[in-house]
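Asks: Spelled out from the first residue to the last, the chains are:
Number of protein chains: 6
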Amino acid sequence: MFNKAIAKIKEWFPAPEVHAHCDGPCGVYDPSAARINAEAVLSMTKKILDLQPPAAGDQNAMATYQNTITRYIQIKEEQAQLTKEELLILWTDYFKPEHLQKYPDLHDTFWKAAKLCSACKVEVSLEHANQLMESVQKIHQMFWATKSRDVAWYKAS
Amino acid sequence: MFNKAIAKIKEWFPAPEVHAHCDGPCGVYDPSAARINAEAVLSMTKKILDLQPPAAGDQNAMATYQNTITRYIQIKEEQAQLTKEELLILWTDYFKPEHLQKYPDLHDTFWKAAKLCSACKVEVSLEHANQLMESVQKIHQMFWATKSRDVAWYKAS
Amino acid sequence: MFNKAIAKIKEWFPAPEVHAHCDGPCGVYDPSAARINAEAVLSMTKKILDLQPPAAGDQNAMATYQNTITRYIQIKEEQAQLTKEELLILWTDYFKPEHLQKYPDLHDTFWKAAKLCSACKVEVSLEHANQLMESVQKIHQMFWATKSRDVAWYKAS
Amino acid sequence: MFNKAIAKIKEWFPAPEVHAHCDGPCGVYDPSAARINAEAVLSMTKKILDLQPPAAGDQNAMATYQNTITRYIQIKEEQAQLTKEELLILWTDYFKPEHLQKYPDLHDTFWKAAKLCSACKVEVSLEHANQLMESVQKIHQMFWATKSRDVAWYKAS
Amino acid sequence: MFNKAIAKIKEWFPAPEVHAHCDGPCGVYDPSAARINAEAVLSMTKKILDLQPPAAGDQNAMATYQNTITRYIQIKEEQAQLTKEELLILWTDYFKPEHLQKYPDLHDTFWKAAKLCSACKVEVSLEHANQLMESVQKIHQMFWATKSRDVAWYKAS
Amino acid sequence: MFNKAIAKIKEWFPAPEVHAHCDGPCGVYDPSAARINAEAVLSMTKKILDLQPPAAGDQNAMATYQNTITRYIQIKEEQAQLTKEELLILWTDYFKPEHLQKYPDLHDTFWKAAKLCSACKVEVSLEHANQLMESVQKIHQMFWATKSRDVAWYKAS
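Residue numbers (the working numbering), protein chains in the order written: chain Y, 24 to 180; chain C, 24 to 180; chain S, 24 to 180; chain P, 24 to 180; chain B, 24 to 180; chain U, 24 to 180.
Among the hints, a few may not be true.
One copy or any two copies: either way a pair holds, since identical chains are not told apart in the list.
[What the hints assert, rightly or not] The calculated DSBU-like cross-link candidates involving lysine-lysine, where the alpha carbons are at most 30 Å apart (straight line), are:
(1) K125 / K69
(2) K69 / K170
(3) K70 / K119
Just so you know, these hints were derived from the structure itself, not from any lab. It should be emphasised that the depicted structure is a prediction, and the values quoted were computed from it without experimental measurement.
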């Protein structure tokens, strides 16, 4: 079935140009971009869970609490969205039919990772944020393997 | 293999919330959004191909030509990007493991459609712009079938 | 007075080019775009009103509540803004002096619809969200009437 | 007819909150924002018209020419769009039914100004760019008159 | 040390083109843009501090409160970000080595102003919002002095 | 003089919170983001210079040429802007008065790097694109030195 799919895709895109992280032909792909965003999702998830609501009736403390938690949630949302976008650029522009032959779970890996990005928006879940980091690490390894390069995985935080 | 993939995905997302076109839980998905954008891609592709360059040496005509073709290219780029985003929201948020069982070519359909969006940016190709419209129409039919609704396909232009 | 206004406008724009939904000359206008967004505004308004605050003192439940309500409010805001933008593109680019003659309440219809978009941001009002849907439906009918086409009104949700 | 329109609008918006330039309730409206953008549109229009195409066959000069004119066109496009957005925020959020009574040509003034923004995108027209500046100046005067303030009109360039 | 820095910068940018507020060569710089945004930051800060939380148990009042405070916080965030961007365009594009000689505290002035923008996001602080307005006013004066123009400082609110 | 500046800044920001790449408190800074963007600027600069204009009179070839060069220029513009934004987040949010004491050329390093981003937009200059890469590498080293970490510099392309 994969062979059929690959043949069909190849027929549609006979000479695929090399695209890149910017969704353009710059040839500069790097899963680090997704990793930085996913780290922020994990960091924000922790901070939201750790934030203590103020005592009822303290209007100033409530203003500060609302300001902080609203910003954390917005940043988590934005960073989860950016993680998704960076990953989908790899899936739609970098990976090609020949990669699908080597990695038959390519589509599922990206589908799962993209759904994890959405889950990290909807929920405040340490478990899913950690799974997202693992997905990004798996994609990092698949990606550099296709280029026969050994780029070390590290975290900024 | 699909069953295995579905089981894995289901394990990860035991109770998937209903998401929507806005990448949020509004429950309002409609492939029309992608269709409107894809129509614009096709329209711009035609206009770019039809635009006649000015005679050399006419500075005013050159300014007008450059203004027009640059805008057409920008609009094609933007609309192809929006088509891609609208389609990928359906793929990552609306479609679920049970749909994959019913449509085993779900992933390939969206991969091909997303790659067509990129091709319509890189090229000025009537053929690919028309194929993109066909992909969007196919997705329109798959989508409404999952809801057992019969929504007519129409074009605005 | 309308005739005077029309004459003045015509004098300013002697040969108006056909613009489109993308604010460009693609000729692809479709009020569906505004309708999808307005449906999301209505859906989010309902969900915000239905969401129950957690008991005081449950920090985890508070994190989840804040995450959910902040996202609902953000999506409502964004979708109301997009509804406004889609409507104003029709008003500023599609509708022309000859349409104003046929629909003397054109300006007021759009002014009211745009103000409803703002009201749906400022408030959590089912009444205004429903009125916005009615405004969009009215504009849908005016729009397709100018094209002598009979496009059915439907909702995605 | 205006009275009828005003009555209808007032009925819909019984207690309009004061909105602002940010499309929010900050109460900070200032037509200067639109004026700065419109000045940029005029400046870019001039520069596009003044730019001399290179001799055929000089590849380096062509790269520089394309880079410069594409950027000028993009900036003109972006600034015309921002002018439109700033003006429409005034129209949809600041101006209220009581202002319409005082300025019966309120709607036409803004419709014309918005259509000029679109014309300045589509064309490379000094005439329309200058008319846009005049429209913004007229709106500046109407706006500050409603606040009984005398704010001097100046240009940054 | 400044002379050395200036020499180095001059060596790198032998013939700096005049850039502008749009980060392009339109020549239209005006610190008013930053001032309008900073006024909104101050206004929102006041409104957040003044907003009274509802009594516990009133679900409708809680929905309204959350909608209002979330929007205020988002607008403060967005306007503080825009203030920062407008100021940094002046610093990176308008001000040149010769200005640094005249204003040796140029870098520190902008660094402090940019850090104030961030502080106004993180906190709900009237003191920092007022200091931001003072920073913008100081930059307004430095800016117009370099052009030998006397443009009055005013506030829209 | 630096001591004075530092004292003044410290007085303003007595307890600076740790900010991050997302302009939020996630603690995830990584100059890789700027490096990926700067690589794209360099790559696009090369491609623009290498692109051969078509023979006069070939309308199809002209459409393709315009599509390609306009996209390259847009991507260069966007990536240079993103490089600038990523760098300025480090300057305004990560680096603090104590770092200025250790790196007295901190401000000049960032000013020069930001001006290089603008130069890479205005020009099609291999020399400036290479200098931008060097600036980003210098900042990479300064940044990780402040964290006493040894993160290897690599390029994705």
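Asks: Check each numbered hint against the structure and report the violated ones by number, ascending.
Replies: 1
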